Amino acid sequence: MNQRRSFFVLTMMAFGFAFLYIPILSLIVYSFNESRLVTVWAGFSTKWYVALFHNEAVLTAARLSLKIATLNATGATILGTLAGLALARFGRFRGRAPLSAMVTAPLVMPEVITGLSLLLLFVAMEQAIGWPAGRGFTTITIAHITFSMSYVTVVVQSRLATLDESLEEAAMDLGARPAKVFFLITLPIILPAILAGWLLAFTLSWDDLVISSFVSGPGSSTLPILIFSKVRLGVSPDINALATILVLIVTTGIITAGIFMQRQQKRRERDVQQALAANL
Amino acid sequence: MAWIRALGPYRWATGRLRGWGVTGRTAVTSVPYLWLLLFFFVPFLIVLKISVSGIRLGMPPYDPLVTWAAAQVMDLRINMANYSFLWEDALYRNAYLNSLLVAGVSTVLCLLIGYPMAYGIVRTKPSMRNLLLLLVMLPFWTSFLLRVYAWIGILKNNGLINNLLMSMGVIDEPIVMLQTNFAVYLGIVYSYLPFMVLPLYTAIEKLDLSLLEAASDLGCRPTKAFFTITVPLTMTGIVAGCMLVFIPAVGEFVIPALLGAPDSLMIGRVLWEEFFNNRDWPIASAVAIAMLLLLVFPIMILQRVQGKQMESHR
Chain A
65 MNQRRSFFVL TMMAFGFAFL YIPILSLIVY SFNESRLVTV WAGFSTKWYV
115 ALFHNEAVLT AARLSLKIAT LNATGATILG TLAGLALARF GRFRGRAPLS
165 AMVTAPLVMP EVITGLSLLL LFVAMEQAIG WPAGRGFTTI TIAHITFSMS
215 YVTVVVQSRL ATLDESLEEA AMDLGARPAK VFFLITLPII LPAILAGWLL
265 AFTLSWDDLV ISSFVSGPGS STLPILIFSK VRLGVSPDIN ALATILVLIV
315 TTGIITAGIF MQRQQKRRER DVQQALAANL
Chain B
10 MAWIRALGPY RWATGRLRGW GVTGRTAVTS VPYLWLLLFF FVPFLIVLKI
60 SVSGIRLGMP PYDPLVTWAA AQVMDLRINM ANYSFLWEDA LYRNAYLNSL
110 LVAGVSTVLC LLIGYPMAYG IVRTKPSMRN LLLLLVMLPF WTSFLLRVYA
160 WIGILKNNGL INNLLMSMGV IDEPIVMLQT NFAVYLGIVY SYLPFMVLPL
210 YTAIEKLDLS LLEAASDLGC RPTKAFFTIT VPLTMTGIVA GCMLVFIPAV
260 GEFVIPALLG APDSLMIGRV LWEEFFNNRD WPIASAVAIA MLLLLVFPIM
310 ILQRVQGKQM ESHR
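Residue numbers (the working numbering), protein chains in the order written: chain A, 65 to 344; chain B, 10 to 323.
Hints are not guaranteed to be accurate.
[What the hints assert, rightly or not] Calculated lysine-lysine pairs in the DSS-like style (CA-CA distance at most 25 Å, straight line): (1) B:Lys58 <-> B:Lys215; (2) A:Lys330 <-> A:Lys111; (3) B:Lys215 <-> A:Lys330; (4) B:Lys317 <-> A:Lys330; (5) A:Lys131 <-> A:Lys330; (6) B:Lys233 <-> B:Lys215.
Just so you know, these hints were derived from the structure itself, not from any lab.
Here the structure is a predicted model, which is why all the values come from computation and not from measurement.
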């Protein structure tokens, strides 16, 4: 595999990664800038971080976003795992094609369309049955679950597709009921994929601006809605500080998850080898 | 759990459910199915309905489709005025064409940058490969909004690039980059690059290198081998990546709103403004349906390609 890579490919890789990371690095560097003019360096300072933690609006919005993201991730993971299980394991059941279409469509659907259509649904439902009364926490959470469960489905489905079915079949042959097979065999094996799906759904909800803007009501500004209204007026250093904190959290989270999964992988490989050795 | 199963009511209930054709499988399938039906499919029907309604003052700001003129006379009004308005007004036509152009050009640019990146990642040592893949994915996990925001600080008149160029004496006056089409292209390519690299990586990784070796043994030049072997064999990745960039880019709102000129129109932004600024729900719905019609074909291509990829896993 270790072929000579051409100068062109190396240059493009360097360029690509620089392109991806320079904006993020510039956000971080200027968050420590003393000056209010974000791009004129005036010395090191952490005052924007202090200002951020005293900004009640930011803290309230962050708490709301956190609540929505957690609830959304849990709901989306349950629904997405069920859908992934159905698509990967139930063969060609009736209604598979529409389910598969409805799962993939939200992945690429322009957010303005999803947001608008959900809002119109909520308005129509409120008129017809009186629920949901007004828009806010509930409607944002429902909207987020709807689009992020697709991501969980894809993650779980592709994990199940690469998973050998013989383990599950063996358990069935030995008389385990389908539900028992799922909880004792399938679930533990696909747990890393489910966790990855949960994290993905959490992040999608935490970052979403467009769909939330459509289905939120007065007094229910999520963090991205608040950031967007500030950013429209121009750059401000406390947004840089906020961005830095978020990037830091995500990076540590991803690295921890990466290390954890690599360890699991190694342990699994060792277990397999030991099992093979014992049987020889 | 076993004692529950021994109870009469449990047996009765499960027996009844089976009699109706309800099994564990149907239960597993129907929960996500019903959810998506209610919150994904039905909303489209409502958008379709409102797009053929007239506007009125009040809440909700559109006319009902069906009214009862008399006890048994149903009055169904389908108002196509919104669509003819979209068709005739140059603003909407230009916005559609401009969105297609911006999305198309950005997709090609993403492919041109993404392919060498994905190719390079596949060819690195396995230990490095995971790290590089992680680096491609990391921006995807950090806030999209904030990453677009970062470009404002870089591109604006007294931003990073202009300050740098001026201090080096390359230019005397700042180059206007923010609020131009250039900034919109840059923002879209930057934001969607990971979506291009990941499917390309998956496709290139599966490529059998011995084919390339055979080609070069038979005297095929690397460039020719690339276009006759590598590109056709990684076509699923290319198509998937292009669709994953193109489809959301057509309806993009945040990037043109933050980086584009106020008069540069993209259809996602037009929809947003019709809805939030003009409060014209019927027109916004018609814009959404028209956008969806443009995207049906690309979405179908994507579903076919992804279905193929899912099957090749087995």
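Hint check:
| no. | hint | in the structure |
| --- | --- | --- |
| 1 | B:Lys58 <-> B:Lys215 | 46 Å, violated |
| 2 | A:Lys330 <-> A:Lys111 | 44 Å, violated |
| 3 | B:Lys215 <-> A:Lys330 | 23 Å, holds |
| 4 | B:Lys317 <-> A:Lys330 | 30 Å, violated |
| 5 | A:Lys131 <-> A:Lys330 | 35 Å, violated |
| 6 | B:Lys233 <-> B:Lys215 | 20 Å, holds |
Against the hints set out earlier in the document, violations occur for numbers 1, 2, 4, 5.
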